[in-house]
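Colleague: Listed below are the residues making up each chain.
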Amino acid sequence: MNWDVIFSVSLESLIGLSTIVYALAAIGLNVHFGYTGLLNFGQSAFLGVAAYGMAITVTTFGQPFWLGILVGLGGVVVLALLLGIPTLRLRADYLAIVTIAAAEIVRLLFRSVTLSEWTGGSDGLQQFSQSFYDMNPYSSPIETTLISFSTRELWVLTVGWVLVAIALLIVWLLMRSPWGRVIKAIREDEDAVRSLGKNVFSYKIQALILGGVLGSLGGFVFALGLAAIQPDTYGTEFTFYMYTIVILGGAARVFGPVVGSMIFWFLLTFINALLPSLISVGAIPSSIMTTNQAGAVGYILVGIGLMLLLIFRPQGIFGDKKEVMLDAR
Amino acid sequence: MPADQQTDAPAKARAVAALADVPREPGAKKPDPILVVDKVVRRFGGLTAVNVGHVEIQRGAITALIGPNGAGKTTFFNLLTGFDKPDEGNWAFNGQPLQGVAAHKVARRGMVRTFQLTKSLNRLSVIDNMRLGATGQRGENFWRALIPGLWKKQEQDVTERADELLARFKLDAKREDFAGSLSGGQRKLLEMARALMVNPEMVMLDEPMAGVNPALTQSLLGHVKGLRELGMTVLFVEHDMDMVRDISDWVIVMGQGEVIAEGTPDEVMADQRVIDAYLGAHHDGAADPDADPAADTAGPAAPAAPAAGEPAGPTAGATAPKPAKEDGQ
Ligand SMILES: Nc1ncnc2c1ncn2[C@@H]1O[C@H](COP(=O)(O)OP(=O)(O)O)[C@@H](O)[C@H]1O
Ligand SMILES: [Mg+2]
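Just so you know, the protein sequences line up as chains A and B, in that order.
Be aware that the first sequence starts at 6, since it is given in the numbering used here, and climbs by one per residue.
Be aware that the second sequence starts at 90, since it is given in the numbering used here, and climbs by one per residue.
Source of the hints: derived by calculation from the structure; they are not laboratory data.
One or more of the hints may lead you astray.
Unchecked claim - Simulated pairs of lysine to any residue, SDA-like, Cα-Cα distance not exceeding 25 Å:
| id | chain 1 | residue 1 | chain 2 | residue 2 |
| --- | --- | --- | --- | --- |
| 1 | A | K326 | B | K174 |
| 2 | B | K259 | A | D194 |
| 3 | B | K242 | A | L174 |
| 4 | B | K174 | A | W177 |
| 5 | A | K326 | B | I216 |
| 6 | B | K242 | A | N204 |
| 7 | B | K118 | B | R103 |
| 8 | B | K174 | A | A97 |
| 9 | B | K194 | B | N230 |
| 10 | B | K174 | A | I90 |
| 11 | B | K263 | A | D194 |
| 12 | A | K326 | B | L271 |
| 13 | B | K174 | A | D98 |
| 14 | A | K326 | B | R264 |
| 15 | B | K194 | A | S207 |
| 16 | B | K241 | A | I90 |
Small disclaimer: the values here were computed from a predicted structure and weren't measured.
In isolation and in its complexed conformation, chain B is listed as follows (with noise of 0.2 Å):
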């Protein structure tokens, strides 16, 4: 894409150089990081969902998250966000410590999810969305919401800046509609959108192009770079290798709770580890392409070998790594 090039985009420019000389390994250091997690653990029962030791993520830079599915990807974005308890563990966002805090106060220091599952408020118009995800809002008080004099001229404020943010993710023509009514991938822009309402530092997506159809992927692919060109850090958990490639400055591998590589998308594509995470180290084939809805919308699907009782990914198949191709030409 045009937006790519670097004299267009000084942000991306700006990533790829101060991620250049960081090492490729589990757990790299990196020049300028916005978070820094430490010993992350969570178990459910028998089963250790997430066991991270150490990472750290790139201020201003896009970074995917990957891995097959049950890595523990989604419960580590539940624990950063405080919206789940690790076990052990403790990272720090801006240099502040965020473990023990609420997920609502998580948000408010600047670190904003969403959901792998969408989570739009069915029936509320798409407007009151938007106008719901601005913060400090004066007539959020109880009393204070009872004179609308008090707040008035705040809600008109929020409701330019929604409006803008509509127009931008093309959800304008659709300001007052029940956000129920919109189609899957419209709530998933539409849930980007409300996120950037909150005016994150950083927001994490989970799976934002899952159930996106490959006309809107390329819009919210457009979306995503220009945050960063905002000045904005996103991480974010995506199966399709070809989106990987194209927006991601820096890319985290995780299996079976822990991170097993970083790199460059192109390096940690080719990384045999990350192949047999993916595959199973017999690289005996794909199970059940059905098991999750980011199967459907995945590049293409490596032949379906039958399953035949394999350790590997559900939709191994569907997710694998290609190996680099087309690119940098």
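Excised from the complex, chain A in its bound form (with noise of 0.2 Å):
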């Protein structure tokens, strides 16, 4: 058994990509959904309008970074609007439909043969990240017997945690402000909000576009640290990771995201790791398990090890067990 890699495997998803990447897009679903109760389930489409934004400028155009970042910001606004304007006045479940079938037509443009000149079609596009790694300015790399990270790994998780901590100090500014409190209010009732002279549509147009844009720094981050974009990356199931984050960390609480995430990648990192190396040693006998299902069994387990953690602790890790108990009015 191979416990120093396990292990360290394990370490570095803590703070790995993939952590930063879905703790952003964490944080802006859960101003959707844990402040404001907009049930938004295609989160996964405002990173990927982002990335292919900042992708297709650099790529296809041959322009600039910062404009691309600039066109990829854009785009995440345009989307909240097209998706908010027409549903946000209707029931909250239509928004859950609307955005659902909206990240999926996103992905099949990404992945259409007709845009394909453009979008570089089901291969993505790669090579709009020379800018960014232009800028590193880390010269040696980290390998200590625990972790280790190359120079270029070094400098994504730099720029990703600096942008979550900038997105973290966004939503608790905004969140103890009384516009959070309207958006709080929103969430628990919006005829009563609506009662008391607030502008709740505008309200909920606002947070869209909030949680829109700040996930999407996790579609930038995503495409910067593979170097290479590609449609398949936003399914809906990239979504469904996000809610799992969001609830497990505690929906409505500044950290719960970032805590979720971390949680959430260093288990299934771990029993990935684990699972192949119990069975190459013979622990785990070829007649249960080999190591090709290695990969869906440590996807099951995770699943299993959250629900009991929902069962016993509804409220995720930060929650607060009574006031998740009020829902139950």
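The two chains are supplied separately, each in an independent frame; assemble them into the complex guided by the hints.
Modeller: Now the structure itself:
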């Protein structure tokens, strides 16, 4: 058994690329779902539009990196308006239906043959991240017995965690302000908020844009970290993992998404490293499980763990049990 | 109650005097109307839920809107406050047309309503429920919310006013509790106190006493009377005739969507049309007293005759007007 490797990959995953990407995506989703009560099932589309906006600008049209970022952010705002304006006046479930459909439309557009001249079709796009890595200040990698990161990884992680910190700061500032109070009140009962003279529709649009923009930061980091984008990354299961993470950390908690993402990726990486090792040393006989099956079993085990957690701690890691129980009004 | 004596309650005396010469008929003109409604019609499919020809609400008075269940009182409230759109009709508040004005703008103009089914914001604290009601908060703007210095001072003022109201409504001990943990009656109190945070000119209370225990009812009644002394106009829906008689200066009776009678409480309760509307033309008794929670708290119920497919209002027995007695002694 190679415990060193198992522990080092697990430790690295605690602060790794996936953790950052999902944390950012879930911070945005937490604004939608946790604070405002908006059932956005298309968060993956916000990340996708950001990543493709940047990559198409840089790779397809040969424009500068920062313009690509602006195009990505602009695309996210437009997507939020497109989704929000027709649906946010309707009942909550309409947003869920529209967003899940929109996310699939966006993904299918990315991979469509007709648009492949610009989007690269199902292969996606590469070679848009050079300017980003040119800014890398790190000259030597980290190589300890426990963890090791290349200079490129260090740069991505640094930028990623700075973005996480900024996103958290924004959410923290907003949610302790009167603006955040209106947002949370809308989650509870929007008619009551309306009766007190607040323009509920406008606040919901603002929340949709904010959560989309915060989540889209994850889309940029993901694309830059992998130096490639690929349409099928932005499927519905991407969004479902984000929901898992939001609920795991505790909805409407500032740090919930980050801690949720860390736990989720640590567990998944640990089990996915542990099982094949156990099989290869014969601790798990191949009649029960082969190395090929280990990946799927890993997801099953994490799923069971999450179910247990939600049964015994429905409020998530940070949530307040009393508060969650009030839901059953 | 002592507060009722004319020396202690100048606003009541003024309201009574102002209404003394108003003709006792549906649609009667008032000397100083704050709200004037003309030909408002709302149909649900084949059912005409509201069909109000003309009605005026006297400024500074407490007007009760009564009528059997299904008479259209709540629908009428919804229409006036922008929560529902009429098929036709117009109305003016302080001389300004209100039809087509969004609910939140109606509230900002000074007409604030509460709901028959209480809308407390359960997972917000009691004090945050209150703070939410204040209008013109600078920190409710997205960008200003990010800089606490811009709204901290105003937040203190808002909190001070909220605390005063909480004390007045005897909810100060619950200040930090989640609104969802309050009893039904306390939530009614909170909703009313919260509406007052808007600084309305006119409050519209939809069954404010429903589900409130008798001890709290007395204090609620006191609060409503207090609003009149503060110069506010009150329009409220109530089923319990003793309470209506106790606090209202004027009564408007609705039946099957139309205003069928107007007058002082005693006059209206002696009116044959009103008794007919409540009991059905044949006085054949009450049906299903469980149909409405108000039935639980209404005054002593008339003996409930077994329902025999009569067209009477569902809680006719529990809500029937009783002849005036022990009054004005
Ligand atoms: N959204 C709706 N759709 C269809 N019918 C409705 C709706 N709201 C109210 N009604 C009907 O309109 C009538 C008046 O209801 P309502 O205004 O709630 O009466 P009240 O408040 O006087 O008890 C009732 O017959 C009710 O069933
Ligand atoms: Mg009603």
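Colleague: Run the structure past the numbered hints and jot down the numbers of the failing ones, going up.
Modeller: Hint check: 1, 4 and 16 fail, others pass.
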